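Colleague: In case you want the letters, here they are:
Protein chains: 2
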Amino acid sequence: MNYTIQNALIPVSDGYEKTDVQIVDGKIAAIAPALEVIGTAIDGRDRLLLPGFVNAHTHSSEMWQRGGIAPLPLELWIAELYDFPPIEPEQVYLSALGTAVETLLSGGTTVVDHLVLIPGRELETIAATVRAYREIGIRAFVGPLLQDESLPASIPSGATPREYTPYLRETEASLELMQEAVSQFHRPEDGIEILAAPTGMQLCSDALFEGVIELSDRHQLARHTHLLETKAQQILAQEKYGCSAVTHLKHLGFLGARTSLAHCVWLDDADTQLLAETRSTVVHNPLSNLRLGSGIAPILKYLQAGVNVAFGCDGSASNDSQDLLEAIKIGTILHNVTDFDYQNWITPRQAVQLASQGGATGLGLADQFGSLKVGKQADLVLYDLKNLSLLPRTDPIGLLVLGRPTQVVESAWVKGKQIVADGRVIAIDLEDLKKNLFECSQWNCDRPSKTVQQVESHYRSVLNLPPL
Amino acid sequence: MNYTIQNALIPVSDGYEKTDVQIVDGKIAAIAPALEVIGTAIDGRDRLLLPGFVNAHTHSSEMWQRGGIAPLPLELWIAELYDFPPIEPEQVYLSALGTAVETLLSGGTTVVDHLVLIPGRELETIAATVRAYREIGIRAFVGPLLQDESLPASIPSGATPREYTPYLRETEASLELMQEAVSQFHRPEDGIEILAAPTGMQLCSDALFEGVIELSDRHQLARHTHLLETKAQQILAQEKYGCSAVTHLKHLGFLGARTSLAHCVWLDDADTQLLAETRSTVVHNPLSNLRLGSGIAPILKYLQAGVNVAFGCDGSASNDSQDLLEAIKIGTILHNVTDFDYQNWITPRQAVQLASQGGATGLGLADQFGSLKVGKQADLVLYDLKNLSLLPRTDPIGLLVLGRPTQVVESAWVKGKQIVADGRVIAIDLEDLKKNLFECSQWNCDRPSKTVQQVESHYRSVLNLPPL
Chain A
1 MNYTIQNALI PVSDGYEKTD VQIVDGKIAA IAPALEVIGT AIDGRDRLLL
51 PGFVNAHTHS SEMWQRGGIA PLPLELWIAE LYDFPPIEPE QVYLSALGTA
101 VETLLSGGTT VVDHLVLIPG RELETIAATV RAYREIGIRA FVGPLLQDES
151 LPASIPSGAT PREYTPYLRE TEASLELMQE AVSQFHRPED GIEILAAPTG
201 MQLCSDALFE GVIELSDRHQ LARHTHLLET KAQQILAQEK YGCSAVTHLK
251 HLGFLGARTS LAHCVWLDDA DTQLLAETRS TVVHNPLSNL RLGSGIAPIL
301 KYLQAGVNVA FGCDGSASND SQDLLEAIKI GTILHNVTDF DYQNWITPRQ
351 AVQLASQGGA TGLGLADQFG SLKVGKQADL VLYDLKNLSL LPRTDPIGLL
401 VLGRPTQVVE SAWVKGKQIV ADGRVIAIDL EDLKKNLFEC SQWNCDRPSK
451 TVQQVESHYR SVLNLPPL
Chain B
1 MNYTIQNALI PVSDGYEKTD VQIVDGKIAA IAPALEVIGT AIDGRDRLLL
51 PGFVNAHTHS SEMWQRGGIA PLPLELWIAE LYDFPPIEPE QVYLSALGTA
101 VETLLSGGTT VVDHLVLIPG RELETIAATV RAYREIGIRA FVGPLLQDES
151 LPASIPSGAT PREYTPYLRE TEASLELMQE AVSQFHRPED GIEILAAPTG
201 MQLCSDALFE GVIELSDRHQ LARHTHLLET KAQQILAQEK YGCSAVTHLK
251 HLGFLGARTS LAHCVWLDDA DTQLLAETRS TVVHNPLSNL RLGSGIAPIL
301 KYLQAGVNVA FGCDGSASND SQDLLEAIKI GTILHNVTDF DYQNWITPRQ
351 AVQLASQGGA TGLGLADQFG SLKVGKQADL VLYDLKNLSL LPRTDPIGLL
401 VLGRPTQVVE SAWVKGKQIV ADGRVIAIDL EDLKKNLFEC SQWNCDRPSK
451 TVQQVESHYR SVLNLPPL
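For the protein sequence lines, the chains are A and B, in the order given.
Using this note's numbering, the letters of the first sequence correspond one by one to residues 1 to 468.
Using this note's numbering, the letters of the second sequence correspond one by one to residues 1 to 468.
Treat the hints as calculated values from the structure; they're not laboratory data.
Remember, it's a predicted structure, so these values are computed and weren't measured experimentally.
The reader is advised that the hints may include incorrect statements.
So these bits of chain B aren't anywhere near chain A, every CB distance computed over 10 Å [stated by the list, open to error]:
1) Ala32
2) Ile38
3) Trp64
4) Ala159
5) Ala207
6) Asp217
7) His219
8) Asp269
9) Ala270
10) Asp323
11) Leu334
12) Ile346
13) Gln353
14) Lys417
15) Pro466
Listed below are the simulated DSSO-like cross-link pairs for lysine-lysine, each with C-alpha atoms no more than 30 Å apart in a straight line [claimed, not checked]:
16) A/Lys231 <-> B/Lys301
17) B/Lys18 <-> A/Lys18
18) B/Lys301 <-> B/Lys18
19) A/Lys18 <-> B/Lys435
Glycine included, each C-beta is placed from N, C-alpha and C at the ideal position.
Taking the hints into account, I'd like the entire structure generated from these sequences.
Modeller: Structure follows, in structure tokens:
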């Protein structure tokens, strides 16, 4: 189906322009005032048209635990998270729907889902997630979360090396699973891709990384992993490799122009240089990094070094939402306290570019979507500038990025197909989704985690915190 | 009018309880399950009832410039702000309405408006603001923003002392204005109070502070001011007083149990002790402090020292919204990166208490409102726990504080009067407000500020930033 958006505001180099945009056969066919109407005419008056943003790192099924985990650092928070996982693919389907809806209604048209797999039902988990994204029509990159070491291995040993129980799935089995996931679900032409996405150096052997790299080369998969989210991981990398985790990933061959790295909080200048040289992308998850006390990622330094940056919400249990505009706002203003020179601060326009083009670049697909240019696939969002949260009228992108826009997404298109209209995600019944989420859950604020109790005193000792 | 809220969830020490709450003659008359229905019955099922929050520091008329000012530090940002102020009391009326609506729909029932006055029309400005708050029914503390030094005086002199043009209003005239504002508008019994609120040490003489203190004693006014928001102000205090600004305010007699201090980013341990000893309140404006690059206020240290803390949005041009839940969320999780020991981190329940009781305490009125207790005035908010942003069900307060709740406020009461019902502010026509805000403004992103150009190179030199 074709569309002609009329009289929308779009950003141009010296301000804004009121213009028409034709969407023909899934692509942007023309951008100019007073174009011939092709297909359905869409009223763009008093509306801002931008390329859709990329929610460049999340874990959809964490939605089941959002709001529920106490303030804890990553290593303890994840222990509680994994004590209470969703156990039915149907739940994973619902949380993928919820993640897609919140992403779409905050300006995202692409989601990168680093997906927690239900043990023994891994392919069903992926199938449920892909089904949700296909139904809604959001562009999705699903990276089965692969590891071959068990959770306690992610905490540095310190002075007392420990033995861990082996992880429930062996390296080779994980690689076979990935191969099967690619065969069954990797459909770039439909906007659904499988990502080569080991959990991170803290839970993966070199053999797993190497196997995944081989698969990603064979099937042209984008690569994704967690990288140096916490100080504990920085210590662990030195224990494990005797060098920085970035240096080690470089040696393994994991970095590159289609590799995106979530968090990147604890990198030094040499690490930053390696990211720039390999054209790797940093995915900034500011809210999660604050919530878990991981730290402030040195994003201004990355930008100055020429590293590509994108924004992610991270999973809903460490954020605890999938509002991409909130992640973009905080990911923009947070860094103003890290550099007294305001000339280095991220501007709202730059933030919008990182959220769209930066995200597409991290997936190796900036030539296909992520910008408002003729010939690009039409992943577009139309914002209602008459919403109270975007009034009074000043600079539309300033309002969108620095304000707290709510219910401002009027329409959204992915690959030219309209998937949001009148502020509603077309394919789903929101009341049904809410009812299902409500019925599958309970209010609860007292839920002691066995694993936290097991690892907490060791964690405190390795991080030099006073004993409990 | 009386109300009985039935079957609402309220927080109790070991979790949540489903209960009824009677509101009689403006006060909470009873809290217990299965109470007799007095007045109108309100269905509280699947809803969370909390005391209303206090938006403990804002400047309502900044709404006209939200989204419009580039990323700049306070001293340059304010130069641009004051180059383009609203000039009609009718505009100030509209922005006060907008501020009240956004505060109410994000859980606030009280607003502290440090109000920028239109020169020559000061009392009209206050009248317009008070009219807006009265119409809506929100509890309001309006502090006419008083200064007797001109804007360039707020930047440290450094090595080259400068001469400034005198401020447009002399000290004595400001004090007379305050006296008149108290006579005309200070009506505590109606929930409208005038605050004794000099702008801050950076723009006020000792004579102005002393005159305001005298007025606040005579009329039992709460006191409010900006305090050490930026590093530049810390330097200025040493230039001006030869001691910390906190020590100086203590000597002047400004601190105390009814004094709230906005920002408090650049205080040292001795300053913190003075705040604790004098029972003064810190108003934390985390979003504004990030947006302007002011820094991260050491809130965990304040709490550990026993200092009372409240949350504010700050004016909409430095935030750029009045979403109190967003300020509470970021003001809670931001500090996790300042202390590795998660045992010191603010919990969602503690955040709710600071936002309600902490706010009332800062106004010297915690005995009257700000908590869910029999005998307190009924400033209450009922949240819809079936909203998508609060699903699936986990810990309701965790979802509210750590999530990104939108459109979750179903009802709100101030002094027992219902002012929000079905998610709508009862007294106003939202479409009218939006239309007025739209028509009084223009999209614009190119608006050079003369004053910024005048002061920028001096600012950069005093802050040791490289020349432009």
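Colleague: For each hint, tell me whether it holds in the structure or not.
Modeller: Tested hints:
1. Ala32: Since the minimum Cβ distance to chain A is about 20 Å, B/Ala32 lies beyond 10 Å and the statement holds.
2. Ile38: B/Ile38 is indeed farther than 10 Å from all Cβ atoms of chain A, at 27 Å.
3. Trp64: Nearest chain A Cβ is 6 Å from B/Trp64, so the label is violated.
4. Ala159: 19 Å, holds
5. Ala207: 33 Å, holds
6. Asp217: 37 Å, holds
7. His219: 34 Å, holds
8. Asp269: 20 Å, holds
9. Ala270: 23 Å, holds
10. Asp323: Contrary to the label, B/Asp323 does not stay out of reach of chain A, its closest Cβ about 4 Å off (not over 10 Å).
11. Leu334: The claim is violated: B/Leu334 sits with its nearest Cβ about 6 Å from chain A, within 10 Å.
12. Ile346: 7 Å, violated
13. Gln353: It holds; B/Gln353 is separated from chain A by about 15 Å at its closest Cβ, greater than 10 Å.
14. Lys417: 23 Å, holds
15. Pro466: Non-interface label fails for B/Pro466: nearest chain A Cβ at 7 Å, not farther than 10 Å.
16. A/Lys231 <-> B/Lys301: This hinted pair holds, its Cα atoms lying about 22 Å apart.
17. B/Lys18 <-> A/Lys18: This hinted pair is violated, its Cα atoms lying about 53 Å apart.
18. B/Lys301 <-> B/Lys18: Roughly 35 Å separates the two Cα atoms, so the pair is violated.
19. A/Lys18 <-> B/Lys435: The given pair, whose Cα atoms are some 21 Å apart, holds under the 30 Å limit.
The structure shown violates the earlier hints numbered 3, 10, 11, 12, 15, 17, 18.
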